[in-house]
Each structure stands twice: as structure tokens, then as C-alpha cells.
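Novice: Work out the full structure, taking the sequences as your base and the hints as a guide.
As you go down the protein sequences, you meet chains A and B in turn.
FYI, in the numbering used here the residues of the first sequence are 1 to 159.
FYI, in the numbering used here the residues of the second sequence are 160 to 931.
Rather than coming from a laboratory, the hints here were simulated on the basis of the structure.
Computed from a prediction, not measured in an experiment: that's the story for all the values here.
All C-beta atoms in this analysis are idealised placements derived from N, C-alpha and C, irrespective of residue type, glycine included.
Any given hint could turn out to be false.
Residues on chain A that point at chain B, a partial pick, calculated with CB under 7 Å [to be verified]: (1) T37; (2) F66; (3) V78; (4) Q91; (5) M95; (6) L100; (7) C105; (8) D127; (9) A133; (10) Q143.
Only some residues are given here: those of chain A computed to face chain B with a beta carbon under 10 Å [said to hold, decoys possible]: (11) G38; (12) E79; (13) L87; (14) L117; (15) C139; (16) T140.
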Amino acid sequence: MTGKVDITLNINGRDHAISVEPRRTLADAIRENCGQTGTHIGCEHGICGACTVIVDGDPVRSCLMFAAQAEGVPIRTVESLASGDTLHPLQRAFMEHHGLQCGFCTPGFLMLMTAVLEREPDISDEDILDVLASNLCRCTGYQNIVKAVRAAAAEMRAT
Amino acid sequence: MPDAKEKFVGRSVTRLEDRPLLLGQGRFSADVNFPHQLHMRVLRSSHANARLLSIDTSAARATPGVHAVWTAADVADIPPIDFRLSKMAGLDGYRQRVLATDRARYVGEPVAVVFADDPYLAEDAADRILLDVEELPVLLRADDEPGEFEPGRSTAAGDVRKEYGDLDAAFRNAHAVVALELGVGRHSGVPLETRGAIGRYDGAREVLELHGAAKVPHWNRDQIAGMLGLSPSRVHLYEGHVGGGFGIRGELYPEDVLVCAAALRLRRPVKWIEDRREHLIAANHSRQQLHRIRAAIDAEGRILGIDDEFFHDQGAYVRTHAATVPDLAAAMLPGPYRVPAYRAVGHIRLTNKTPGGTYRAPGRFESTFVRERLLDAIAAKTGIDCVEVRRRNLISSAEMPYARPVETLGTHVTFDSGDYQGLLDKALAAVGWPALQSEVKRRRDAGEAVGIGLAMFVEKSGLGPFDGVRVTVDTSGAVEVITGAASVGQGVETVIAQICADALGVDYQRVRVVHGQTDRIPYGMGAFASRVTVMTGEATRLAASNVRAKAIELAAELLQTQPEALGVVDGAVVRNGAAAGPSISLGEIARHLSPGSKTLGGRPPGLTAEGWFHTDHMNYPYGVHVAVVQVDRETGAVKVPRYLVAYDIGKAVNPMLVEGQIVGGVVQGLGGTLLEEFLYDDRGEPLSVNFADYLMPTLREIPAIEVVISEDAPSPLNPMGLKGAGEGGANAVGAAIAAAIDDAIGVPGAIKQLPVTPQRLRALLRRANTAS
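Specialist: Shown next, in the form of C-alpha cells:
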């Protein structure tokens with residue numbers, strides 16, 4: 001048996017003291033040990049991007065990181081985006097532009113773009129495409145995701 | 160006074176589903192947990208064809224935290240998984256058992272299962288199971304000489320046959336014959352959420368629960384009950400959020416039955432979540448067919464007869480769909496054209512690959528590719544323009560309803576309505592056909608390999624035979640619609656709420672739609688064959704109309720007026736035509752109708768009613784795809800800068816969602832046309848086991864997709880004129896892209912095999928260069 005290590009994950013501003021095997025992925029720890037199931041696991045090999053969370057300001061595939069590696073750095077997940085009943089501009093834009101169907105990939109896209117737009121609010125439309133091409137969606141055909149992200153980016157720049 | 164009718168139907172309102180999904184509050188299979196649950200891990204065969212000599216599970220059993228390890232001997236009493244659709248004599252012997260018994264027939268077949276306290280641990284323990292096998296020769300091509308499935312049973316499982324008319328005369332009298340051999344590659348739906356199943360036996364209620372259900376929960380309930388010896392009323396299936404369906408998800412698989420059996424026997428909840436490698440080798444594959452087709456034509460390019468023989472690569476077992484895919488391929492192949500004489504023979508062949516089932520537009524993606532390639536070949540043979548050759552063969556609107564003397568899915572294929580020429584005109588106008596042609600010609604003259612392709616098709620939707628719905632207004636005025644439908648992410652809740660809202664006279668946001676819960680409604684058909692909007696939609700309209708009538712009847716008594724004088728607007732009964740005046744809210748009426756209420760009278764209690772819709776026929780939407788492609792002659796890469804779909808679905812309940820279905824379908828179609836393929840090496844080892852090998856389209860591979868939603872031909876088979884929208888986006892992508900690539904490289908009929916990967920196209924270009 002692999003021994004467990006005690007670590008503290010800071011997710012959305014809250015500390016979670018957990019005991020995990022060193023091999024436990026960050027995605028599993030966020031979901032199973034910390035109960036934040038909005039982060040989804042689609043491939044477990046870093047391609048689909050459904051598990052994207054923000055670690056220390058960077059969008060990260062949480063299936064490719066061990067939980068133990070994330071100790072001491074702030075982690076943000078989809079559960080942090082809305083404030084109370086008020087949706088984040090990206091969430092609202094995804095709804096208005098029908099940027100989701102089954103919704104499984106959606107948290108990954110939201111966290112990917114949240115990190116990128118915070119870092120690069122003036123990102124060009126063309127660069128948005130490059131960023132979005134790093135995650136997979138199987139339902140929408142992407143067209144409405146692009147519309148939603150561009151609309152949200154414009155709105156976030158204006159405010 | 161606002162018009163109570165069609166306030167919401169026909170409008171692109173935002174979805175009721177979205178909020179929880181955006182907030183991270185969805186409940187997908189992996190999000191379901193129960194106290195003291197065990198985790199199941201499946202040991203899968205790593206051999207494509209092998210006799211199982213012995214299985215040593217002792218090391219796995221001895222692992223701390225492991226509670227049980229099962230092999231076939233432990234589940235010998237569980238029968239194989241039965242067929243749900245398109246049963247055919249002779250197929251029973253090819254059904255899959257939940258664990259391989261004496262022989263494993265594909266890499267990925269479940270051989271043993273481990274139940275442990277933790278999923279990591281279960282996986283470790285499964286690695287400690289020792290299998291002793293004798294490898295057998297593999298059969299990997301459906302058109303190869305059949306082999307032995309088991310002693311006395313050939314891999315040639317049976318033939319699907321559809322025929323009518325005098326085919327011999329057609330070929331005898333033909334001006335010319337066009338013959339093609341065409342193949343479609345093996346690919347599948349690959350939803351982004353892998354499968355998952357959580358079985359739980361509730362000893363307090365003596366009920367077995369399965370969570371993680373999708374698509375057809377009621378059918379699966381009955382099957383699980385039968386397989387495990389329980390009465391159906393003691394088995395309940397629960398559908399949570401479903402991360403994409405596309406036909407493959409929600410069918411009854413071995414793992415669903417295993418978690419249920421384990422929950423019953425081990426008396427602990429049992430959770431199984433598939434990993435991606437498992438998904439790509441264990442969940443249904445689809446599409447792989449090889450067609451040899453011939454058409455007899457007259458001098459004007461009119462089809463006199465079509466003769467098609469095809470080999471359907473079913474994989475290692477016949478699963479729940481039985482003959483569905485080849486049957487649909489054969490029945491729908493003639494498409495929108497007049498085909499006076501027809502014969503299709505589809506050979507269902509077992510191979511040592513993952514078993515197959517349906518994937519969005521099953522049998523039609525394949526047969527549209529074949530038929531439209533044939534039409535292009537007829538055009539090339541006769542020198543007639545590709546649009547004109549289609550026009551000459553299209554069934555006209557005057558011929559509707561058009562009965563084609565074939566059957567599929569237990570229904571006669573009778574096209575209920577359609578104006579195929581009209582939609583072709585619309586598509587050509589929308590894409591700017593003449594200007595596009597000259598632009599492409601100009602660019603080709605300048606050396607670019609750019610081309611246009613067009614394809615037409617008839618889809619099918621609204622499969623019956625029934626759907627039932629209960630609509631209830633509670634005392635707060637909130638509306639609950641209980642359906643036997645299922646949701647796979649396509650927007651069921653919103654569309655059903657829109658229909659209910661208009662029929663009842665409330666805001667659609669007041670309507671909550673229940674689906675996929677077998678303990679809320681005893682009957683249900685689920686979500687497949689683009690049926691929900693049509694079938695559940697009409698049942699909802701009927702139920703909501705009944706509720707409305709009940710509300711008005713009571714209100715008339717309270718207001719001492721005639722029911723005809725009253726209507727329901729914004730959730731309250733009001734006098735028709737009165738700007739102001741007395742109104743009674745539906746919540747108040749529900750209170751009047753409570754059991755024990757003095758105003759109830761002799762009425763059955765509750766502001767509630769059912770609606771049932773029955774139909775013996777499917778209906779038939781139809782469409783046109785136009786693709787523009789650019790080929791890189793060096794790399795063999797195909798870019799698709801532009802794509803247009805014109806689709807007539809009779810009546811769009813929510814155009815935004817219809818467009819979403821079409822665009823999503825096109826991109827999946829592009830995957831199967833250019834990228835996605837389950838490949839095997841010569842020992843039957845799967846080569847496409849992760850997303851680096853199995854390539855699905857990203858944003859960088861998709862064109863600008865234009866959608867023309869047409870409502871020229873409402874279905875006469877339901878009052879709203881609805882047809883389904885789910886599959887027309889995927890249907891003709893292979894056909895249209897193939898035609899466009901032919902055009903781009905200037906080699907008519909070049910594309911004979913999907914997907915058109917860069918390697919295939921480069922080889923083809925090299926051959927074309929050598930030939931010229």
C-alpha cells in the first residue's frame with residue numbers, strides 16, 4: 001500500500017486539510033476529497049481540458065497534476081465564478097449564446113477563459129481561437145462557445 | 160389581451176438546463192456517491208481472440224481493501240444482454256454476456272471485476288489478476304471469409320434484405336451502369352463524459368437503484384429486473400446529468416448489470432466510472448461498412464434501379480441494437496430520390512473488434528455517403544451537372560406522402576411531407592451557388608486545390624409507438640411535467656417547457672421537466688431516433704391542454720360563467736378579451752382542487768392531467784449540405800473554410816437549439832469524415848485508445864457553419880407539425896466533403912473511403928499523379 005500524506009489545498013479561498021496518497025491527482029482530490037464536483041474528468045491524460053482549474057493564476061489540467069504538488073497555492077474552480085445569484089460574465093454569455101449543450105466540458109472552458117481573460121483582457125479574437133482550441137467539446141461544434149467568449153471578453157473589457 | 164398561443168414555441172429562449180451546469184452544480188455519474196460504496200474495476204481482455212484457460216484471482220482477492228473478485232463463474236446465472244431494437248432471427252447466439260465465459264473476442268471485453276474500497280486500489284488489484292489464455296487467429300475484416308464465432312456458429316450472423324421492383328429489368332434496360340466500392344471507417348460518438356453506473360440496493364425499501372442511467376431508462380429497468388430476477392417495480396433507474404449521448408450512451412452494457420448484481424449480492428452501493436481508454440475500447444463503436452453498389456441509369460441520368468451489397472462490421476458481439484444500423488442503412492439508402500427498383504443486402508459480420516451500436520444518424524451517415532457518391536458518379540458518367548442530376552431524380556412534393564415499399568424499426572417508410580426541390584433551391588441561394596462556383600473556378604485556375612461538394616438526404620425522426628406525460632400545477636402555480644423521456648444534453652427540458660407553457664398558458668420558466676426517473680412514471684421510451692421533441696412534445700401538449708381545460712372548467716364555476724368565455728394567460732384564468740377583471744391564478748385553482756376542498760365536487764383531485772400520444776409512423780425531415788474545402792497537395796490535409804446546412808424540420812420549437820444540434824452534428828460528422836477512426840493492428844490490438852490517437856475536431860478544424868432552418872413541410876402526423884432535429888447535421892457530412900475533395904483535386908470519384916486522413920489523401924494524390 002502506498003502511504004498517505006497530509007496536505008492542505010486552498011480551493012476558492014477555503015482550506016481543505018486532506019490526507020491523500022502521493023499519486024492522487026489534483027482532479028480527484030478536488031472532487032472526491034474536497035467535494036467540489038464541478039470540475040469534470042474527461043480523459044485523464046491532459047487532452048480534453050474538462051478538468052481545467054486555475055492554479056496560482058494559470059489554467060491547469062488538474063488530471064495531470066498531483067494533489068500534493070498543489071499545496072500552498074491558490075486553486076480556483078468553477079464553483080468560485082458566480083457571486084451569489086449573479087453569474088460571471090462568461091457564464092452569462094455561455095447561456096445567452098447557447099455555448100453549452102450537455103455541459104460536461106463547460107467548467108473546463110469557463111476556467112480556461114477566466115484565467116486567460118484575467119491575464120490578457122485585450123486578447124485578440126484570433127488568439128481567443130488558439131486558446132479555445134486547447135479544449136474539447138463534443139456537443140456544440142464550438143461556434144457558440146466562440147461567440148460567448150468574445151461577447152464576455154468585450155463586456156469584461158467595458159466594465 | 161396578449162395571444163396565449165405560441166408565446167414560447169418558435170422562440171429562441173435561453174435554456175432552463177444551463178444554470179446548474181454553469182455553476183458547477185450538475186450531477187453527472189461520477190458526482191453520485193453513497194456512504195460505504197465500493198468501487199468496481201473491470202479487468203478487460205488484452206487479446207482480440209483467445210480461449211480463457213484459467214483465471215487466478217488469488218492475489219487480487221488478498222489485497223487489503225478488496226471485497227470481492229468475480230469472474231464468469233460468479234455470474235453464470237445472468238443471461239446475456241438482450242436486443243432492444245431490430246431483432247432478427249438467428250442473432251440471439253451472438254449476444255454478449257456480462258463477463259467473458261470461455262473465450263474473449265475483443266480487446267476490452269470484460270473478463271473479471273474487482274470490488275474494493277477505493278478506485279485506485281481496485282485498479283491495482285485488477286492488475287494482479289493472472290489470465291492464462293490460448294491465442295486464436297483473429298478476424299478483422301467484415302468482407303473476409305467468415306470464420307467461427309464458436310463451434311457450430313459462423314461469424315456471418317445474418318443478412319438484412321430490402322428489395323422491391325424489377326431490378327433485373329432495370330439493369331437489362333439500362334443505358335449505363337455505374338458501380339462503386341465505398342467504405343466508411345469505424346468511429347463513434349465518444350461523449351466527453353465517459354460511462355458510469357452506480358448500483359445501490361436499498362434494503363429498507365427493498366428496491367434496487369441504478370444511478371447514471373441515460374437514453375432508455377425504462378427499457379433498461381425491465382431488462383435489469385429480468386436478468387436479476389426482480390420484479391420491475393422493485394427496480395428504479397435514475398438519470399442525472401448526461402455528458403453527451405449520441406446514440407452510444409445509455410444502452411444497456413455489461414457494466415450496468417454488474418454494478419446492480421454486485422449491489423444486490425454485496426449489499427453495498429457499487430460505483431463504476433469508466434476511464435477514457437476503457438471507453439474507446441469498450442463502449443459501442445459504429446459506422447464501419449463496406450458497400451458494393453451499382454446503379455442502372457437511363458441516358459438522362461435517371462435512376463432505374465439500385466443494387467447494393469454491403470458488409471457491416473458488427474465487432475465481437477451483437478449488442479442491444481441487434482440489426483438496427485444495417486437495417487437503417489438499407490432502408491434509408493435510396494434517400495430523396497425516385498428509385499423504381501431496389502435491392503440492398505447487408506451482411507452482418509462478427510469481427511474481433513469492439514462491438515458496434517448506433518451513433519447519431521446511424522446507417523444514414525453511411526448510406527448517404529454511398530448514395531451521394533453514386534449520384535456524383537452518375538453525374539460524372541453522363542456529364543450532367545451534379546445539381547441537375549439530383550433534380551432529375553428527386554421525389555417531387557406532389558408525390559407526398561411517398562410510400563417506399565420497405566420497412567425499418569417496425570414501421571413503413573412513408574415520407575410524410577417534403578419539398579426536396581424547394582429546399583435545394585433554398586440551399587443554393589443561401590450559399591450563393593453560381594458566385595461560389597465561379598470563385599472556386601477562378602481560384603482553381605490560379606493553382607489552388609479548392610472545391611465544392613453538395614449532398615442531399617432524408618432523415619427520420621419521431622419514432623413511436625407512444626409517449627405519455629403527466630402535467631401537474633401545484634398550489635404555488637409551479638408546473639411539473641413528468642415525462643418518460645431522457646435528456647442527453649440536447650435541451651429536452653427547455654423544449655418541453657416551451658410546449659407546455661403555450662398549451663397551458665404559463666411562462667416557460669415556471670415549468671420544471673422531469674425525465675429519466677422510472678419511479679416517477681411507469682412507462683417511457685427515452686431519447687433516441689430524434690424522437691423526444693415530436694413524441695414527448697405532443698404528449699406534453701395534450702397533457703397541458705387537459706390541465707388547462709380542467710382549470711378553466713373549475714374557474715367557470717367559481718366565476719359563474721361559461722368555460723368558453725375563459726382563457727389562461729400568464730398562469731391565471733382570465734376572461735377572454737377583457738383588459739381587466741377577475742382572474743384566478745392556477746395555484747389558487749390547484750388549492751380548490753385539493754382533496755378535501757369544498758369546491759372539488761365530484762372531480763378527481765389535483766390540477767393534473769395526463770396526455771398520451773401514439774403513432775405507428777416515423778416522420779422524415781430532409782436536408783442539403785454544401786461544403787467548400789481546400790486541399791493541401793503536399794500534406795494531404797483538408798481544410799473546410801465553409802459549410803452550409805439547410806434542414807427542413809417542419810416546425811422549430813426553439814431555433815437556437817435546432818441550430819445548436821445541427822452545428823454540433825456537422826462537427827461530429829467532420830470528425831468521422833476527416834479525423835476519427837478506430838484502428839487495429841493485425842493482431843486486433845486497438846491503436847486508437849486515447850485522445851492523441853483518436854482525433855476529434857477541435858475549434859481549429861471547424862469551418863464557419865451556416866444553418867438554414869426551413870419549415871416548409873410540417874409533419875401531418877402531429878398537430879404542431881414537428882420533426883426531429885438531432886441527426887441532420889451529421890448525416891451528409893461524409894458525402895458533401897468527399898464530393899468537395901473530388902472537386903478540389905479534379906479527380907471525380909476519388910474519395911471512396913472515410914475518413915479522408917492526410918495519409919490516405921496523399922497516397923491518393925500520388926496515385927493520381929502517377930496515372931496522369
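Novice: Against each hint, give a clear statement of whether it holds in the structure.
Specialist: So, going through the hints one by one against the coordinates:
no.	hint	result
1	T37	4 Å, holds
2	F66	12 Å, violated
3	V78	4 Å, holds
4	Q91	4 Å, holds
5	M95	4 Å, holds
6	L100	6 Å, holds
7	C105	5 Å, holds
8	D127	12 Å, violated
9	A133	4 Å, holds
10	Q143	5 Å, holds
11	G38	2 Å, holds
12	E79	5 Å, holds
13	L87	7 Å, holds
14	L117	16 Å, violated
15	C139	5 Å, holds
16	T140	5 Å, holds
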